[in-house]
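Now for the letters of each chain:
Number of protein chains: 2
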Amino acid sequence: MEPRALLEAWRGRLGRELDAAIGFWARHSHDPEHGGFFSCLGRDGSVYDDVKYVWLQGRQVWVYARLYRTVPRFRRPELLEAARAGGEFLLRCARVGPGSPKAAFALSRDGRPTKVQRSIFSECFCALGLDELGRATGESRYRREARALLEAVVRWVREDPTELGRPPLAGATPHEPLAVPMMLLCLAEQLGDGAGGPLAELEGWCAQRLLRHLQRDGSAVLENVSEDGKELPGCLGRQQNPGHALEAGWFLLRYAQRQGDTALAAQAIEGFMVRPFQAGWDPEHGGLFAFQDVDGLCPTQLEWSMKLWWPHAEAMVAFLMAYAHSREPALLRLFHQVAEYAFERFRDPEHGEWFGYLARDGKVALTIKGGPFKGCFHVPRALHMCEEILVQLLDEPHQCPGAAE
Amino acid sequence: MEPRALLEAWRGRLGRELDAAIGFWARHSHDPEHGGFFSCLGRDGSVYDDVKYVWLQGRQVWVYARLYRTVPRFRRPELLEAARAGGEFLLRCARVGPGSPKAAFALSRDGRPTKVQRSIFSECFCALGLDELGRATGESRYRREARALLEAVVRWVREDPTELGRPPLAGATPHEPLAVPMMLLCLAEQLGDGAGGPLAELEGWCAQRLLRHLQRDGSAVLENVSEDGKELPGCLGRQQNPGHALEAGWFLLRYAQRQGDTALAAQAIEGFMVRPFQAGWDPEHGGLFAFQDVDGLCPTQLEWSMKLWWPHAEAMVAFLMAYAHSREPALLRLFHQVAEYAFERFRDPEHGEWFGYLARDGKVALTIKGGPFKGCFHVPRALHMCEEILVQLLDEPHQCPGAAE
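Going down the list, the sequences are from chains A and B.
Note that the working numbering gives residue 379 to position 379 of the first sequence, counting from 1, and the numbers run on in steps of one.
Note that the working numbering gives residue 274 to position 274 of the second sequence, counting from 1, and the numbers run on in steps of one.
None of the hints are false.
Since the list gives no way to pick one copy over another, a pair counts as held whenever it fits inside one copy or between any two copies.
Distance condition first, Cα-Cα at most 16 angstroms in a straight line; then the derived EDC-like pairs of lysine to aspartate or glutamate: (1) K363 - E284; (2) K363 - E303; (3) K363 - D348; (4) K230 - D217; (5) K115 - D50.
Since the hints were made in silico from the structure, they are not lab data.
Bound-form chain A, shown alone (with noise of 0.2 angstroms):
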């Protein structure tokens, strides 16, 4: 297929899938009785658990309110009151304690505390959708609890981590996860105002931590690095997962876009995007493994070699977006040869949404479209970034001349 014509079959494509996926939710996941979104939802969008994971509420928050934000063909009231019953019901219930930043990591169905985790991510994830629903309905207050939550979790990452809860150990390893400087990063971008903001120093700091994890000369991008950014003995530091290096690399991309700094870009590409996918991509099956070990020892991770929709999508806005950044046209293959497996694989096309979970062989594993934490976030939030790349890519006057090699 000529490369023009091969972006628009796509924009296509991604356009009618995200539609599906905004109408699977929107159909099945909303509590009008208590506010809030159900992720428990079976193959055809029936709940098999009314429990409310707050990761997927913030998420799914974001999704509905960005789209409404960006997109004219969701500028639809019912999916910003959506969003803001979504807001409303993190605001409301969320915070553990009313004195305390912390939030539960799963609630009620109506909004009483199940589960509290250690980490910062229910934080986060709470930031990130009530941040986006300020921008969409313009009420500061949204944003104001945006940025108390971000500050919390800066102050629990570079200060001081006491209120996470968690006992100081004497033989624990201090370790830095990849998926907090990214976390960070994506916060960041979302919360901040372009480069010069008031979060151009988060900014910053989240990128060179990333580039810690790009060990072994630039060959791999380990899960887990020691405080000082060497790589650590055992399974912790041998751990890898593909789909997170993919995400970090497309979240390194924009920020080096919005820094002019072409260097930074190339190495997002390379060393996130392009290696990680060579090493991560099944040779025998197809698709993503979900954990390897840099070693090339087995992994202990009982799922490490299943394909979860996740890293597929992050894979599909890396490479699109790396294609659109450099007009390479390997990039551009690496995105048809993701987008290909992900459609004919994961996506369902009799209920809507895609399946989360194959087995190694491609074969469905669980036959759930959303769980503890799967919700209304991956597929949407890739399939309306690739639609939106592609419509710029699309309107260019002369498009993709890397395409034409």
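Assemble chain B onto chain A, guided by the hints.
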């Protein structure tokens, strides 16, 4: 095959397999420098991580000491010395703080705590191993420590869980996991001295609690029930774990035998073994599922359809014990079915011991022989117990009446 010939063939196979398994752990898992055992062993036994998991320390001490004490061919000083080195490592390092009964979940190679769980199982497996070590060595200090740990665990379970450190949450449903009364019944048998002994009341309490997990007119063993023994809503309430049901089944059968309670023995066999096995056996590929949903919905555990080694080891013990109890030929056939599957799929004839994790279709998914949850325990315990039962059956003057039908 004639029943007697079948029993004799299995006695030989199981005995040789037990020797191979113990040989594997003796060659690869001992740490001469710090005591204790490595459990992160690759297919060929090479250590891929030196973390020491407390569950697996206690369990390996139990296996070594029990074999030394009860099986003449294992009455070798080096086996007892290895058990003792493991026990001393636990006495020295397992407790998180000097005044606290709380034990760590994981330790660094030299015994400093790296992880602590807010549950009872580290303490339980320490108590299990130390009690058996006390019996094997005749040294009362090991059994005293085991008794102190059991008392702490019973206090946490039956009186006050505060020391476990779980925060009370307004929306959390109080519930009892099957693993809790199951583990306590196992410990009460280990530390007690038979029916009428000092732990008789605890045994009776555990048995009654286990029976509350038999729900839906005795057709299903549910992993979690309410504090007053009722089915719970949502995924938590619908969760089934066929391996746990089978393991609880043989704990309960032994208790019923000690009590001379034939009705309870029949309930243990039918309710906790036969029905969970029939529901949990994969009709397509064979093997027991790791998790199920009692309503036939898709479980949310990513590994739900994987075949794990330990449910198969437990099923072998359960059905052979049930056959020895009732002489029902169908139970011997079930033992044969699961043992054939296990020996064909999990066994590694090249390096010894069993693989732990198969994909749904029975292919090896993780090549490791040990890790955070697999160590020297389920395989040797099952092989040893099955061999012991077979020796008894074959030694009887009029063995296997039922099997002649």
